[in-house]
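J.: Sequence:
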Amino acid sequence: MDKLPKYLLFISAITVAVLGGLVFYYTSQSYFADSVIFDDEEGVAILGYDPVAYFTEEKATFGNPLYEVNWAGAKWRFASQEHRDLFAKAPNDYAPQFGGYEPVFIAKGYSSPTDPQIWTLRDGKLYLHNNEKTKAYWLENFREKRTQADANWPHIRAKLHYRETQSE
Numbered sequence: 031m032d033k034l035p036k037y038l039l040f041i042s043a044i045t046v047a048v049l050g051g052l053v054f055y056y057t058s059q060s061y062f063a064d065s066v067i068f069d070d071e072e073g074v075a076i077l078g079y080d081p082v083a084y085f086t087e088e089k090a091t092f093g094n095p096l097y098e099v100n101w102a103g104a105k106w107r108f109a110s111q112e113h114r115d116l117f118a119k120a121p122n123d124y125a126p127q128f129g130g131y132e133p134v135f136i137a138k139g140y141s142s143p144t145d146p147q148i149w150t151l152r153d154g155k156l157y158l159h160n161n162e163k164t165k166a167y168w169l170e171n172f173r174e175k176r177t178q179a180d181a182n183w184p185h186i187r188a189k190l191h192y193r194e195t196q197s198e
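Residue numbers for the sequence shown, in my numbering: 31 to 198.
Treat the hints with care, as some may be off.
[Said to hold, decoys possible] The list that follows gives simulated cross-link-like pairs (lysine to any residue, SDA-like), each with its CA atoms no further than 20 Å apart:
id	residue 1	residue 2
1	K105	K119
2	K89	E112
3	K138	N171
4	K119	G154
Just so you know, the hints here were simulated from the structure itself, not pulled from any lab data.
My request is simple: use the sequences and hints to build the entire structure.
T.: So this is what it looks like as structure tokens:
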């Protein structure tokens with residue numbers, strides 16, 4: 031009879047440890063808001079374009095594989111060591127919003143790939159688009175569509191993450 035309470039205490043301690051670990055795991059996973067990144071078959075984010083160049087050069091610029099960083103499950107390429115270092119210090123400041131997917135479609139509730147040569151900067155954030163029409167629509171309806179996209183992104187991100195884990 032004396033062993034039963036020790037056994038229950040042991041099982042309870044293991045249960046708490048496992049549940050605590052699961053809570054930590056899922057909390058840390060949701061912390062990276064844009065952990066599902068639009069990439070190519072080799073895992074190169076935004077088709078190899080330098081995300082920092084949109085801010086510093088105000089143009090879409092191809093990155094160089096010599097200046098590469100792994101972040102959020104993808105390889106990010108940069109035109110220079112300086113850009114690589116800027117991104118490494120603050121990736122969320124430079125990474126495109128909504129994982130690099132078209133924000134107009136995120137606002138509508140689904141994902142669509144983008145063309146990194148068609149882009150906008152708004153309120154210090156980078157948005158990639160898939161054509162000039164969606165870019166214009168995004169700019170004309172920015173506040174409304176941004177609110178809708180912000181609301182939809184966690185659900186879409188979860189679906190994309192699920193698809194990624196199923197294909198591994």
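J.: Please work out if K105 and K119 have their alpha carbons no farther apart than 20 Å.
T.: Given that 20 Å is the threshold and the Cα spacing comes to 15 Å, the pair holds.
J.: So if I understand the rule, the pair passes when the alpha-carbon distance is 20 Å or less; does K89 with E112 pass?
T.: Given that 20 Å is the threshold and the Cα spacing comes to 16 Å, the pair holds.
J.: Given the hinted pair K138 and N171, is their Cα-Cα distance within 20 Å?
T.: Roughly 13 Å separates the two Cα atoms, so the pair holds.
J.: Below or equal to 20 Å on CA atoms is what counts here, so check K119 against G154.
T.: Satisfied, since the Cα-Cα distance of roughly 16 Å is no more than 20 Å.
Taken one by one, the earlier hints all hold for this structure without exception.
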